[in-house]
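Undergrad: One-letter residues, chain by chain:
Protein chains: 2
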Amino acid sequence: MTIIEQMGKNAKVAAAQLLTAGAAKNTALNAIANALEDNAQAIIDANALDIAAGQTAGLTQSLIDRLTLNTERVKAMANGMREVAALPDPVGTTISGSVLQNGLQITKVRVPLGVIGIIYEARPNVTADAAALCLKAGNAVILRGGKEAINSNKAIAVVMRNALQTVGLNPDCIQLIEDTSRQSSTELMGLSEYLDVLIPRGGAGLINAVVQNAKVPVIETGVGNCHAFVDASADLQMAVDIIFNAKTSRPSVCNALETMLVHKNIAPQALPQIYKKLKDKAVELRVCPRAFEIIGGEQDVKLATDEDFYTEFLDYILAVRVVDDLDQAIEHIAKYSSGHSEVIITQDYKNAEQFLQRVDSAAVYVNASTRFTDGGEFGMGAEIGISTQKLHARGPMGLEQLTSMKFVVRGNGQVR
Amino acid sequence: MTIIEQMGKNAKVAAAQLLTAGAAKNTALNAIANALEDNAQAIIDANALDIAAGQTAGLTQSLIDRLTLNTERVKAMANGMREVAALPDPVGTTISGSVLQNGLQITKVRVPLGVIGIIYEARPNVTADAAALCLKAGNAVILRGGKEAINSNKAIAVVMRNALQTVGLNPDCIQLIEDTSRQSSTELMGLSEYLDVLIPRGGAGLINAVVQNAKVPVIETGVGNCHAFVDASADLQMAVDIIFNAKTSRPSVCNALETMLVHKNIAPQALPQIYKKLKDKAVELRVCPRAFEIIGGEQDVKLATDEDFYTEFLDYILAVRVVDDLDQAIEHIAKYSSGHSEVIITQDYKNAEQFLQRVDSAAVYVNASTRFTDGGEFGMGAEIGISTQKLHARGPMGLEQLTSMKFVVRGNGQVR
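One line per chain: the protein sequences are A and B, in this order.
Under the numbering used here, the first residue of the first sequence is numbered 1, with each subsequent residue one higher.
Under the numbering used here, the first residue of the second sequence is numbered 1, with each subsequent residue one higher.
Simulated from the structure, these hints should not be mistaken for lab results.
It should be emphasised that the depicted structure is a prediction, and the values quoted were computed from it without experimental measurement.
Heads up, some of the hints might be wrong.
Identical copies carry no separate label here, and so any pair may be met within one copy or between two of them.
[Said to hold, decoys possible] Calculated lysine-lysine pairs in the BS3-like style (CA-CA distance at most 30 Å, straight line): (1) 12 - 108; (2) 264 - 9; (3) 264 - 277; (4) 12 - 350; (5) 264 - 12; (6) 215 - 9; (7) 279 - 335; (8) 335 - 281; (9) 12 - 215; (10) 147 - 215; (11) 335 - 215; (12) 12 - 335; (13) 335 - 108; (14) 9 - 350; (15) 154 - 75; (16) 108 - 9; (17) 335 - 9; (18) 350 - 108; (19) 335 - 276.
So here's chain A without its partners, still in its complex pose:
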């Protein structure tokens, strides 16, 4: 049995114990929060090793920044734990119930998923955040973080496992794979005997590798090639504000705007105004030939390739296309979108409703920024990611999305 198989087996034992853990899960989350703060210096020291290695390896400043932990960030992880502890426990909730004519009482009850695998990239805070949500929902978790953060992740995992033990829970509720080779991640994807679901968190490359290789159920998260369609009847100032916010308020996140479609009738007025506003943040535009005719002479305006329309830039870059009508906008989105979030900016009621009905994405908007697609904003509490698939969970995934259900049937001798 390999190390990872053994971890799967241990996780299954821990998951069985969590089925009846009840409020002990909250005790554990609060204990972990305190332990993270008490051991902040050890975690920060371990993190310094990762930062030094990252600088030697020539990581970009923005990656180094995501990697960095300090007292404040460790405190934020601890407070995240406490917030999750304070959320209502989804496990044990009765979803529905009835008594059949033969007297059988059937209730549909929320239960944990079991064992969750999470594969993620550079940010060490995910180690704590993901563990908190999985534990609260009654699941054992196997974490496989990126090599850039391995020392930080190990330090955080040790603190969490020790804290579990002090409150009498099985430390294997939270396990970290220390081997950050590609092989360890492939092995985790094949652990069908033990894993109930695998959640990759990261860029398109990671998600695709998991979808192609996993032998266990996967929930795809986080790739957001989000679109805005500026309809002919759009309020132009509203369009400018929404596009500017969706593109520039935080370009590195999955709910940021990547492509703008503009109705041909409003393009001559809209494109120059939107361009002008985006210039405040030096946004580069990659535009179709029709848009190029209108704003082609401007600085930072280039002709787009087809590939650009498929790309999640996560940067100050926006793809732009002029379309004939709503149908062409919807067709474009159906072809190029990752199914995350899309918005129509319009004053036309019929077009708004058509867009909401026909665009097949996790979140569809009228007249608002795509940046709202977020568990916190939607009132679901902390989220483990944003699902862009249609099975099990779609959109922000909170605690409820980390559970399953079962039918509980009470009888007194009924036979069929």
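Given the coordinates of chain A, assemble chain B onto it according to the supplied hints.
TA: For chain B alone, kept in the frame of chain A given last:
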């Protein structure tokens, strides 16, 4: 582009049209029902080819029986269509909704999954039944039936597609793969660009092949290695009745009983009585050494192998093990069960509740036959299968389990 890729592409177009089909789906289902009856003779003639081929190939009588269509069975397919038409439409239902402080209106709305692939084995009625449920839930379906029923399936599919066309719906809402080679099924499992979910319906061999090879989300259905635990405090007559019903009322279905666990304190009384009742149906018992000490001398009682406890017999065979206590029963189920349906027969309240909480299967029972795990019995209407996985759907899968959801957000210029 291969034939199957082209079918995927066509299905995606049809699925987009179904998003706004509304009540036309019911018109289509009723038209298909009438067309099936009108063309019953052509379907029965095609079926005769399959039966002749099956007899030549030496299929067992029970397989030939499952394969056979007659006027009555075609009428049953048609009536199944009408029943599905009469069910409430799950699509468009508002699951929840709220208005945020910033004025954004968020509703969570039920939508179709999109394109569903179904891989199934010998029974031609699945072609009609599965198509009906997928269509009603707004999905395009690609059917890949077994080679034994290919002529019947083709005849049924032609009738359904023609009927779709007469009511103005895209016939590609229902497509049948006519190539029944292993290759076609592997290709369907890899159609990640077009399929939203793949549902295998069949034996453990098919399910495992799909789980190992699929690049698309899968819902595992139908493998039921179901357990009954006769606790020390069981009402013995109730135990006899439930075991007899669960094992013998229809041994070929997935909710039939396959293994009985008996508490050691009641085994000396229970085993002879249960054995005696099962003899009415000539059930063979494969028993552990401790059970063999009690009823080992009887006819049709053999020693069980470990493999027997993993086996879904689907026949008049029952594996039997004497256990020390509830914990050992729960451990046995955790190790050997497929997670379908399990029952405890007991008069002990605490043990009943422990069993319900700690046994991790789709349906857990106290004092009733496992045979009730069924969409119809549970009041969910027709079902497409019984899911034994924990993601998306668990237990009987009706119309609602063939849908997804999306967030619809209406604003008036909100930015974040």
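Undergrad: Now, for every hint given, state plainly whether the structure supports it.
TA: Status of each hint after checking the structure:
1. Taking the shortest alpha-carbon separations for residue 12 and residue 108, only the intra-copy value of 23 Å comes in at or below 30 Å, while the best inter-copy value is 33 Å.
2. Within a single copy, residue 264 and residue 9 get their C-alpha atoms only as close as 59 Å, which misses the 30 Å cut-off; across copies the closest is 29 Å, which meets it.
3. Only within a single protomer do residue 264 and residue 277 lie at most 30 Å apart by alpha-carbon distance; the minimum there is 20 Å, versus 79 Å between protomers.
4. Taking the closest pair of Cα atoms, residue 12 and residue 350 come within 30 Å of each other only across two copies (24 Å); inside a single copy the shortest separation is 52 Å, beyond that limit.
5. Proximity of residue 264 to residue 12 under the C-alpha cut-off of 30 Å is restricted to the inter-copy arrangement: shortest distance 27 Å between copies versus 57 Å within a copy.
6. In the homo-oligomer, the alpha carbons of residue 215 and residue 9 lie at most 30 Å apart both inside one protomer (17 Å) and across protomers (25 Å), since each shortest distance falls under that limit.
7. Taking the shortest Cα distances, residue 279 and residue 335 sit within 30 Å of each other inside one copy (29 Å), while across copies they are farther apart (62 Å).
8. Within a single copy, residue 335 and residue 281 get their C-alpha atoms as close as 29 Å, which meets the 30 Å cut-off; across copies the closest is 59 Å, which misses it.
9. Taking the closest pair of Cα atoms, residue 12 and residue 215 come within 30 Å of each other both inside a single copy (17 Å) and across two copies (25 Å).
10. With identical chains, the CA atoms of residue 147 and residue 215 are at most 30 Å apart both within one copy (23 Å) and between copies (27 Å).
11. For the identical chains of this complex, residue 335 and residue 215 are neighbours both inside a copy (27 Å) and across copies (20 Å), given an alpha-carbon limit of 30 Å.
12. Taking the closest pair of Cα atoms, residue 12 and residue 335 come within 30 Å of each other only across two copies (11 Å); inside a single copy the shortest separation is 40 Å, beyond that limit.
13. Taking the shortest Cα distances, residue 335 and residue 108 sit within 30 Å of each other only across copies (24 Å), while inside one copy they are farther apart (38 Å).
14. Only between protomers do residue 9 and residue 350 lie at most 30 Å apart by alpha-carbon distance; the minimum there is 28 Å, versus 55 Å within a single protomer.
15. In the homo-oligomer, the alpha carbons of residue 154 and residue 75 lie at most 30 Å apart inside one protomer (18 Å), although the nearest pairing across protomers, at 64 Å, exceeds that limit.
16. Taking the shortest Cα distances, residue 108 and residue 9 sit within 30 Å of each other inside one copy (28 Å), while across copies they are farther apart (37 Å).
17. In this homomeric assembly, residue 335 and residue 9 come within 30 Å of each other (Cα to Cα) only across copies, at 11 Å, whereas the closest approach inside a single copy is 42 Å.
18. In this homomeric assembly, residue 350 and residue 108 come within 30 Å of each other (Cα to Cα) only across copies, at 20 Å, whereas the closest approach inside a single copy is 39 Å.
19. Proximity of residue 335 to residue 276 under the C-alpha cut-off of 30 Å is restricted to the intra-copy arrangement: shortest distance 29 Å within a copy versus 65 Å between copies.
Consistency with the previously given hints is maintained throughout, with no hint failing.
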